Amino acid sequence: MMWFNLAKAQSFMPTQGTAIAKQVDNLYGFLLITSFIACALVVGGMIYFVWKYRRKSPNDKTAYISHNTFLEFLWSFIPLVIFLGVFAWGWFVYHDMRSMPKNALEINVLGKQWAWEIEYKNGYKAVNEVVVPINQDVKLLLTSNDVIHSFYVPSFRIKQDAVPGRYTALWFRADKLGDFHIFCAEYCGTSHSGMIGKLKVVSREDFDKYLEQGQEERNLPLAKKGEKLFAVKACASCHSVDSPAVKVGPALYKKFGTEEVVDDGSKITVDENYIRESILDPNKHIVKGFPRGVMPTFQGQLNENELSALVEYIKELK
Amino acid sequence: MATTSAHHGDNYINHEKGLWSWLTTVDHKRIGLMYMMTVMFFFLVGGIMALLLRLELFAPNTAANVGQVLKNGDVYNQVLTYHGAIMVFMVIVPGIPAILGNFFLPLHIGAKDVAFPKINLASWYCFMAGAALAILTFFTKKIDTGWTFYTPYSIRTGTATVMMVLGAFIMGMSSILTGLNFIVTVHKLRAPGMTMHRMPLFVWALYSTAILQLLATPVLGITLLLLAVERIFGVGIFDPKLGGDPVLFQHFFWFYSHPAVYIMIIPAMGVVSELITTFSRKVIFGYTAIAYSSLGIAAVSFFVWGHHMFVSGQSETAGIIFSFLTMLVGVPTAIKMFNWVATIYKGSVSFDSPMLFALGFLFLFAIGGVTGIMLATLPIDVHFHDTYFVVAHFHYVMVGGTLMALMGGFYYWFPKMFGKMFNEAIARLSFVFIFIGFNVTFFPQFILGAMGMPRRYFDYIPAYETLNKVSTVGSWLILTGFLLGLYAIVQGIRKGEKAPMNPWNSKTLEWSTTSPPPHDNFAVEPIVTAGPYEYR
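Protein chains in written order, with my numbering: chain Z, 17 to 334; chain P, 10 to 545.
Worth flagging that the hints you see were computed from the coordinates, not collected in a lab. Predicted model, so just to flag it, every value in this text is computed and none were measured. No residue lacks a Cβ here, since even glycine has one placed at the ideal position from N, Cα and C. Heads up, a few of these hints could be off.
[Stated by the list, open to error] Derived, one-sided and incomplete: chain P residues facing chain Z with beta-carbon distance under 7 Å:
hint : residue
1    : 25
2    : 192
3    : 339
4    : 340
5    : 346
[As the list claims (entries may be wrong)] If you anchor each label on the Cβ, the simulated ranges turn out as follows:
hint : chain 1 : residue 1 : chain 2 : residue 2 : range
6    : Z       : 53        : P       : 308       : 28 to 36 Å
7    : Z       : 308       : P       : 121       : 51 to 59 Å
8    : P       : 482       : Z       : 64        : 40 to 48 Å
9    : P       : 206       : Z       : 115       : 22 to 30 Å
10   : P       : 150       : Z       : 232       : 42 to 50 Å
11   : P       : 485       : Z       : 64        : 31 to 39 Å
Next comes chain P alone, as it looks inside the complex (with noise of 0.2 Å):
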């Protein structure tokens, strides 16, 4: 035992040595990183798709179904539909939760590990299997459904629908299996002292995260299942020609579906929770509220998924029920958006990447907020529904949202995970470009929606030619960003400074143990006396 033991680094990266020893991890950090690459993969991919749907729609075409750039019709229809399904299933809802949830949860409440390390482990293979089935029906028939899968589209078509539902199937097992995995964890296995109200805000929006997860995942997999049934043994349930009614299934889809914009958006929160009050060096605005508000959030998000069918045939009063519901959802939201702003009023702010990242948050979500109220609003709606409007608003939210809270948790946390500091002077250039590109690329699109350019669209009407461009150039800025963020996380692990334990001096307890952690986390179990914030 002895002589094994000596082989074993000081911390997780080098506890052990060699691929297998990644693959068949149950390290809940290691996980993490497993995760990170494999998104980070994802990214890339779904964002190469992103860049060729823009560079197509920089001017109309010429022709009847003939392309800038891409060939035809059918081929921006797949570059689409590969474009949504990636980044939702693949990148922005396993985004946080998969890779800093997996990460911190456990160190933010002082435990070893999550609560079925090899469920885990099972978690990423399922995730990893489904994504190579959804990437598999590139090399076969493709598939151009869009992300959403619409019947009796998706059953009529001649791709590829039931591989990619079963790949979306097994990724939804996923992420059940990680929702269960949280739940149990955040129950059990708190420190000693670490009390519900102690835990940081982050763990508090993983946990409600986590019920969503549990809850409405599995009713998207028996849509699809229902979907591939419907494909394959010509069963009638949502294609009238059968008898089906295609109406059904936006009902089952968007069960889950709605709930899912907060399982990708609740993570960020509470990211952002966290950024706020460590660059204000200051406790947080309102604690149980943004705690709570959550939980709010998360009940609420499952009666209010008729909002995105407000012109599908649903009868009026429906409507009107789900536009009142989708309004209170937008309270508990609100609060939060004080509460951080509250939080920093007299506070030491310091501008540090993070921080960058949570102010650009703030900023982007504010506009993500607003335009939602406005689309909850019932006439609007029948005006914006399916229009660029709608694209932009939820790009604002998935990516001004989301994604720059994955970024500004990802740098903030970087010190601990790699025991290296990043360049910091890049990573604020990065911002800087991320910032600026995404509002050019979709505040004009919210115009172009309001003019009444329908989304999904290859080609479009000679006025809406200007802001397309303007659009496209933006998304050129993004990949800069990106590029330059890259750089940034590669030079940081290669060649960075050796990190301190907690650069930042922030108050959770992820900071008080080595960097890189151990691969036991803590040396010794921390004792928790104090709530997470004790800035004083």
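Next up, chain Z with everything else stripped away, as it sits in the complex (with noise of 0.2 Å):
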């Protein structure tokens, strides 16, 4: 087993939070080793040989070789083998890997672009956020938005796919606490690269904590409460709001009472009415210079109560 640690130690995998990364890991760790003794073969054979049988003279003699059978069924009987070890070992560790646990704690999360919203089952929500307890069967249920998205959690070696107008559903069991990354797999356009998120492991007592707190931000005022449905719905991802710099879309900081010149030339006000209907219908006034088609609708995705907190928020970015 020590040249297992061996080949760990090269294989620059990130920590492994989960007790599958360790045996994702073993079997890398084997795959890293056999492939090394493999290409130094062939590669080492075919120097050597090269070197060995250089031209010495412009009329070299060569030996008339055209095939030994032996030899060739040899060398496709023992790849053959190999792979189909490696195919076995990989099929073991990928059951458990596909195989749900019952009585598991179940998260929803939605890929949208370019956040992830996080629901737990007592309706708090978050986002670019997973907090989960320690050793605890959790299994998220995946879902996308808009486009495919994939969940990847590098130091818990799994990754799948939020498709839109179906579930899929990977599982975990964290064995170390900590923050680890959470990365969008794959490419779903402008700011794929920063749809990162976090997957936070802590305790029994803080993951609780965490909840509660969740349910008290509930009864927050309408401004809060718009600044955290801003995080939750990833406004900011394209909207900033601590400074007039932007990102994707207009930046939102002391946007509100200007007057706006949009891409038809006449002027506009940013009032409550404007911030609703670029909430609900953001195509239909684009600022001059922005793109059209850019931002999604969030028509029948936000109650009354809701809309009125963002525009709350928003007013009072200053």
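Using the hints, put the two chains back together into the complex; each one sits in its own frame.
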């Protein structure tokens, strides 16, 4: 087993956050070693032969060896056995990876351009942050709001596409406390590389506290609620709120009450109604200089109270 | 009649003169050269895109959606898409079959031309028309779907998916026509005595490739048409909003595109077989195994497409079956590697530049191969899928494999194609830069992938910075290598020494005619009495 450890040290794999990650790395370590040996044999053999049999005179005579059935059988059969062994080992680990545990903590994850929306069973929502208790089976139910995304946690060695129109799932049981990266691995457009989340593994007590706090947030003042929603709906991935710097769409900092030129040349005042319209029907009046069709509509996704909260929040960005 | 023939030169290049004579030629050799010019041009364009991507990735961005070199994420995604689409559809797929295959398939089997010379010309025009459409998108709304056109992104993006997809569709027609032409040529136009088992291995490789082109490309065509129909008429096929299934697109797409991977690599394997045997001056080891393993790879390659979709939501059972079948493709590929090394054994090896490229191929393809096995292993792929590990793997196979073979084959047949020799020292120097540069660029990407860096990323976390820097520096070495190669080629064509009929002492038929060959290939129809590699 020593050489597995050696291979692991060389493999640059991220921290192992789950037991499955260890299993994956053992298999990978085995593959690294066998691959290295295979390459050393083939390339080493090549280099040795090339040097040993380098041309010594322009009229060198060479051996006439057309084939050797036994050798050919051997070098077909041995790779086949290795490949099938690796396949079976892979199957074994993959089966564990794909067998959903019963009684797992279920969390819904919605991928959207360009953020992860997390919803717990009690209705608490978060964005780009999944908080889970340590040593607990967790099952994520994935889907997407627009295009295909892929939920990827390198430290857990898990990845699953979030496909619009259907649910996919993955599970893990974290055995290390700490923060781990969540990446989007399926290309999804402009901010694909910015769709980074955090998977936080905490103790059982901290997890319970986290959910309670989430409940309290429901009774916040309107603007605070708007701020929370602004984050949950990932508005911040395109609109900056603390400076006039443009990300993808117009910055909202100190925007309320100002006058904007829209792309048909007319002027429009940024008031409550324009904000409301921009959320529900974003392409109706596009601020000059910004492309159409980038911002998705939120029609049907927000209730009146939530709309008012967002408007109130944007009003107070000063 | 006598006067016209007096104007004709003694080889295919000066047989007729003027641009018009090239644009209307049905001579397979001239069509091969026309493909060469166009593919080289597209390679330049795709290469510039690659350099831009690497420059952008030299450092992580300091502000969200603002690039170091490219303006923003959208521009990066467009450059990425053009790099992929151009390199796949306009360089690697047509590369070896359309340039070297067109030129040498008839010469290899002692024929005057391909079976359907006019269809051959038509396929070049198809290729150009499709390429023109694809390039035109650049001047309209551009395209940002990635070369894979995954739905529903490709349906919803504001860019010119339909035009690009039609371009790829028309280029697919070109590929089908070439495949059809080669199959018929191999079956019907072999010279007397040229039995199937006396054909050079390059012909076997082209033949296997042609079967794939003919059978797989129509599926791509249909898929792309369905995509266009969905976008133009709103028919729900792939978009779940319209009741379609986005994963169905992936099945269709990879049903073509996995065999297409072998359309790209099998001809390269054929070229390498020629190079190894010639420059070892020794009969190829295991002719039958190599010939039939090409066919074997071609056959199995139709049933492994699902290994691109292990995390797409396909069932566990499907994943297991596709993993198993993928392992099987590894076997004939491994056989070829061993056969090539065994051919060198007890040979008389020279280190001319074509052989250097062939040896470079063996080295890089070995790494491409073993990492392929890793990716075929289910749980490992779950971690590596859509990371830089995959990017590194397919560049080792497509560039380290196909492009190295194309370069080696090009230098090998250069004297025959142009009747001139190239500057050997510069060609070798070019190899050294390409080979080292390639490893410096792409080996770090394996490590980046293992560390978890996803592909198609405009920006990355600081932990990935050092290796990205190394990779970018490598891309400049590759650039230097190809510029040197270009110089060797241009200088060789303009001022090279006159090439003898058979400078490398090869045994295949094309070397038994003059350099460059006459319009009709052979002064007298050759009669074949022995296998292709009779070094006794």
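A quick look at each hint next to the structure:
Taking 7 Å as the C-beta cut-off, the interface hint given for residue 25(P) is violated, the closest approach to chain Z being about 38 Å. The restraint placing residue 192(P) at the interface with chain Z is violated, with a minimum CB-CB distance near 27 Å, outside the 7 Å limit. Because the closest C-beta pair between residue 339(P) and chain Z is about 5 Å apart, less than 7 Å, the hint holds. For residue 340(P), the suggested interface contact is upheld, since its CB lies about 5 Å from the closest CB of chain Z, less than 7 Å.
The beta carbon of residue 346(P) comes within 6 Å of a beta carbon in chain Z, closer than 7 Å, and the hint placing it at the interface holds. About 29 Å separates the C-beta atoms of residue 53(Z) and residue 308(P), a value consistent with the hinted range of 28 to 36 Å. A beta carbon spacing of about 58 Å between residue 308(Z) and residue 121(P) agrees with the range 51 to 59 Å that was offered as a hint. Under the hint 40 to 48 Å, the C-beta atoms of residue 482(P) and residue 64(Z), about 31 Å apart, miss the expected range.
Here the CB-CB span from residue 206(P) to residue 115(Z) is close to 51 Å, at odds with the stated 22 to 30 Å. With their beta carbons about 48 Å apart, residue 150(P) and residue 232(Z) fall inside the hinted range of 42 to 50 Å. Between residue 485(P) and residue 64(Z) the C-beta distance comes to about 33 Å, which sits within the given range of 31 to 39 Å.
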